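> For reference, the chains in residue letters:
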Amino acid sequence: MKAVIWMILGGLANVGLVLLVAPFAQGVLRKVTARIQSRQGPPLLQPYFDLLKLLGKEDIESGESPGMQRFAAYLSLAAILAVACLVPMGFSAPMNGAGDVVLLIYLLTLCGICTLLAGLAAGSTYSLVGISREMMSMIVLEPLFAIALVVGALHAQSFRLNEVLSGSVYAVAGTPYSGLIMLVVMVLSFQAFVQRVPFDISEAETELMEGPLVEYSGPKLALFKYAHMAKLIIYSALFVTLFVPWGSGLVFPVGWLLFWAKVFVLVMLVTVVAATHARYRIDQAIRFFAGLVGVSFVALILATYGH
Amino acid sequence: MIAREMFEQFKQRFGPLIVRADLPSDNRLFVFVDPSSVRYVTQHIFRELDARYVATIGADDRPFSGKFLVAHNFAFDKEHLLCGILAYLPPDKPQIDSITDMVPAASWGEREMRDLVGIEPVGHRYLKRLVLPDGWPEGSHPLRKDTLWNEVPAQYDPEREFKFDEAPEGCMVIPFGPFHPTLDEPAHFRLFVEGEMVRGCEYRGFMVHRGIEKLAESVMNYNDIPMLAERICGICGCVHNVAYVQSVEEAAALKPPPRAEYIRTIMLELERLHSHLLWVGLACHIVGFDTLFMQSFRIREPIMWMAEKISGNRKTYALCVIGGVRWNITPELKLELRSVLDKLESEWRPVVAAVSHDKNIQKRTCGVGVADAGQVKSMGLIGPVARAAGVDIDCRRDHPYAAYDRVEFDVITEQGADVWSRLLVRAKEVFESIRIIRQCLDKMEDGPLQLEIKDELPIGRMGLSSVEAPRGESHHFVITGENNRPRRWRVRAPTYQNLQGIPAMIKDQQIADMTISLGSIDPCFSCTDRLETVDVRSGSVKVWSQEELLKLTRKKVEG
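As they're listed, the protein sequences go chains L and W. Reminder that position 185 of the first sequence reads as 184 in numbering that gives the first Met the number 0, one-by-one numbering, no gaps. Reminder that position 437 of the second sequence reads as 436 in numbering that gives the first Met the number 0, one-by-one numbering, no gaps.
Okay, chain W solo, but in the shape it has when bound:
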């Protein structure tokens, strides 16, 4: 009913601007509008209806409709509604009015769309290259359908370097990355530093692009992709696995059996448990408190073993296929999982009690890396970062999926908006996860693990799914297609949004606080960098050329 009510409201307000609308279910709404009115419509939705910006998606739809497609996805969290504002663009010169000045959170989404699909966001003030490698020629867009998945343009220049912005006057430049002990993955922050104070920064990431979306859209099939999706991230892989499968299921109107939904919930929560414990450890390591780092890793280890017993792997569970799951939780595993949870709870409680009164850690984290509710809204920050600023959002409750509508849990919020509050949120969420898993184990009913799918999946349907990853909402958008694979699959990992909030968080802070502020969003660069086909390291001395390295690895693989 919500979707219908909202649509009525849109109709009254925008009337003739709406070209078409899809209401596939109660809590999904796709509104197609005229390209010239996208700005007006999104402004209304974002400002007056107080929707949360989720993602911007560009798609090359020319082989099917002869046009380009742009979607801005928004979430109405209180109303439990996910809504897409879509517009078709002419094939010859695709461009659309930028919404970044009203919705700052859309900045990266629009830049990515420009890089990869070649849709020009008109009016965007900072159109620097975001995703494509530095030597990639202008005018070549990898996500267009006429570009092959393994194509490297002839004009590709591996020697060209990225041009960084000028440092402000009086500032020293400290290159933070591409490789740094606190970054477990390559990313480059160029810090503009005055004494010990950070005055600004520029980010150049997307260094480990793997062309995952393109690969999925051109060579893999529906049931291969979950395994690929899982490899987007080494920590929250299962989240992508589930989110992809759910968006396809939604597009094809499939409902997995209840037991499968419970198992998905259990695995997602196991993942949250190990991820949060890992984060607490790493955060402590960043501020030099190695004892808690070691202890939380010790407490975490049984979770990894449990995951291995269920799925055969500590990570990358290879859990989902379309319409179900691949692993069962047998009565013996159930029993063992319960005892692991009991042990975890009894060990974690004293840790939380000790940490929450520790003046030493508070000194390093209180008032550090602040992102208040206003920033959360404008930059689209999500997950523990938002909840630590008192913004009560959690996809598990707001946009329930799997079996989350059948379990009870509290959404933990804090008011400090700083690193300390994020620490508390994560530490307390561990208990909620334990609670959820216990309820699932109690309520899980017997039944099949997979749905029998006899027909081909319908073509040209849209599905989207938001899954609450340990770091925040992971959003997947799928348009189903021919050849047993999706036409377009877009992944928006939580770090993609949270990373955009970092420059504001670290401004006018000390360098020492920079690392823990960045750490506090639990950044996952591999999630963010999931896209491109070729990777070039910029700016550093090259001993090996890229071709030589490629040859070398191939030789190794072939033996």
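Isolated chain L, as found in the complex:
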């Protein structure tokens, strides 16, 4: 019983931490982007105020099916926070027994599904084009993370979160070829997972006017924005636990601080790439991802043979 309570408390602590840190990471991202662009940039805490402002606005029902629209907004934040419960954030995974890697993969896909629901609910032409792009990229993107996790699971000989999310991709005797291949694949596609330029294709403001989010405003938009910010933190955390585990075992607070330092380095990397690239076209992006999927299948085969 006591263990269950600790699990739940740990999960909630993670959720709280993500909610607290995500807008700050966004603030850092905006500030650094601004400096790259020779601008002053907004204050670091601006995203908090933005969210508060949006949350305080009138809740307008719009689009073709307002019910679904509301549901999609709630679900998007809920899904990503559920992921937060499962991912270790500097400690071991809090809800280790509550789910395994397969659940994690499903929850990550659910986040994408929310965007589809949002677009369908809006029913505008732009959002429909947006979700068709989102769907196309999901088909080639989702396998990448799934394969990375499965490679880890194969090496760890377990689907348990704690076992997999601790640099398991390198856990083989000799050179971990499959792990290194997946590292490269994930670095190349990371921008797409956190939906930033050059792969923010389904939202593309200058083409589709934010695509699926075109009908959102006020509190519901705030939830989507929050989920978007949280995604950056959670995917970074996942990346760090899976591929950059070194130093996590150190005593508190050194290990913990090191973990967050790595997460913020990753956020920086995302920022710099986003600031120095133009948006790709959907067909170019799909071709790029399809290539990566091919490569990651090679990694998967290597992993099954223990390399």
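A couple of the hints might just be wrong.
[Claimed, not checked] Anything over 12 angstroms on all C-beta distances counts as not near chain W; from chain L, calculated:
id, residue
1, M6
2, I7
3, A33
4, F48
5, L54
6, S157
7, V186
8, F198
9, M208
10, L249
11, A273
12, Y279
13, L301
[As the list claims (entries may be wrong)] Cut-off 25 angstroms, straight-line C-alpha distance, at most; resulting in silico cross-link-like pairs (SDA-like, lysine to any residue):
id, chain 1, residue 1, chain 2, residue 2
14, W, K362, L, Q194
15, W, K554, W, M206
16, W, K362, L, L187
17, W, K427, L, S37
18, W, K342, W, K362
19, W, K358, L, Y304
Worth flagging that the hints you see were computed from the coordinates, not collected in a lab. Since the model is a prediction, treat every value here as computed from it, not as a measurement. Backbone N, C-alpha and C fix where the C-beta goes; we use that ideal spot for every residue, glycine too.
Mind docking chain W on chain L? Use the hints.
Then chain W, alone, in the frame of chain L:
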């Protein structure tokens, strides 16, 4: 001599078809022909003599000659000649054979002439309304002299909607506009889309008509109009200002003092600098590359400050009056302008070097929005769009005005005919502009800024002027008139021609490429939409009626 030689050639070829000819100068030729032979003459000029189509002008000349007047203007760029083919039409039922099937570029010109002056282009295959608001009654033509400038016909129906063409089978319709983040002004493209592929489009523009030409012809005077002309466009206003003044000066055979000509050149080039830097920024924003967007705006800003120091305004310089300019460039300003140019050049060079090797941008722009030399010829495309297709035209060199005949510069051309080539052309033209301004500053001689004009300007003379705007040739045509104002003033902005090339450019391309293709002509809808008196938004839910809005704004103005 060129005009005379060309006229001799015309005389041999057309003989009795020519009614009259004016040769006001070496590089201007006005040939009046019989209306029934306009088609034949233009065909010969366009096809065999390889002239470039410039503009079609319709005018109500009934109060003066009792007839309607139609002009098709052509340019012989290599021969440095601008030529008008004119015909008088009977007052009762004005109609003329359409030339659009031979010269596709004339399509809009003829439709506009039909809307506004009521001259029927016989044989035009697509006579849909172009300029007039949807609720405007048939048979009422605002540019006729018997229509008052502020007249709204009694049968005007603000509720009537525009009828769009049917979408082709299997295509979804995506409304691009009237308001869209990439369009900074209202314009409506109805895209027919199959999956992500654009199969065609229909354009409905002219939504912000301001009745500028009518206003000029009925209430303003010669020296008011430059200020009005400048407000045609928020980016290339000075171009219209100079082009109008030059066409009046040409009609009245006035020559501004040399210092004024240098100052005009400098201001025009300053405008090109800021416009090109703005365009590079916006184009990068369209493809999601915001860093270069911000950087090019930062690099551009000192130009705006410099313009403000010279003219008192960042934009709308209010530069010209008939026979001169209003602002001087003092030695201190000269010095400062030089240092601004040095800084600009040193900052822009690394940007161009970085961009021209950027694979990422090339991926989004190479082979996109292609308009080849054939399309340039048939649709009359101009400016960077033409030069990016290897068509070597530039009014600054081909039809020199102001002080351009006294400076040296290269006309930049590229061969790709795509968005990438247009980007390169504009990026490199920045250096040529800097070069031109430096030469002007060196060569500028002291002297008066304005010509003293004692007599009234002569009546019934024609003048035309082509000025190379940042987007292409801006063409103005003026017939001088009574009451110290022109009888007819026609503006053909560069976007007017380039926009007609868009449907071909975006056909069978992805939606993602549509925005950058459209962006690549540097569209300026306010330039194109300069004409009408009333504006109605079509097709959308109206919360405010037009009268209510008008009342509201008036109340606001009156306080």
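> For every hint, state whether the structure bears it out.
Hint check results:
1. M6: 42 angstroms, holds
2. I7: Nearest chain W Cβ is 42 angstroms from L/I7, so the label holds.
3. A33: Label violated. Min Cβ-Cβ 8 angstroms, cutoff 12 angstroms.
4. F48: Non-interface label stands for L/F48: nearest chain W Cβ at 22 angstroms, farther than 12 angstroms.
5. L54: 25 angstroms, holds
6. S157: Check passes; 41 angstroms lies beyond 12 angstroms.
7. V186: Fine: 17 angstroms to the nearest Cβ keeps L/V186 off the interface.
8. F198: Label violated. Min Cβ-Cβ 10 angstroms, cutoff 12 angstroms.
9. M208: Given that some Cβ of chain W is not farther than 12 angstroms from that of L/M208, nearest at about 6 angstroms, it is violated.
10. L249: At about 37 angstroms from chain W, L/L249 clears the 12 angstroms cut-off, so the statement holds.
11. A273: With a cut-off of 12 angstroms, L/A273 comes too close to chain W, as the shortest Cβ separation is near 9 angstroms.
12. Y279: Violated, because the least Cβ-Cβ distance between L/Y279 and chain W comes to about 7 angstroms, which does not exceed 12 angstroms.
13. L301: 30 angstroms, holds
14. W/K362 x L/Q194: 20 angstroms, holds
15. W/K554 x W/M206: Roughly 24 angstroms separates the two Cα atoms, so the pair holds.
16. W/K362 x L/L187: Measuring from Cα to Cα gives roughly 17 angstroms; hence the hint holds.
17. W/K427 x L/S37: Given that 25 angstroms is the threshold and the Cα spacing comes to 23 angstroms, the pair holds.
18. W/K342 x W/K362: Violated, at about 30 angstroms.
19. W/K358 x L/Y304: 38 angstroms, violated
Violated hints for the displayed structure, listed by number in ascending order: 3, 8, 9, 11, 12, 18 and 19.
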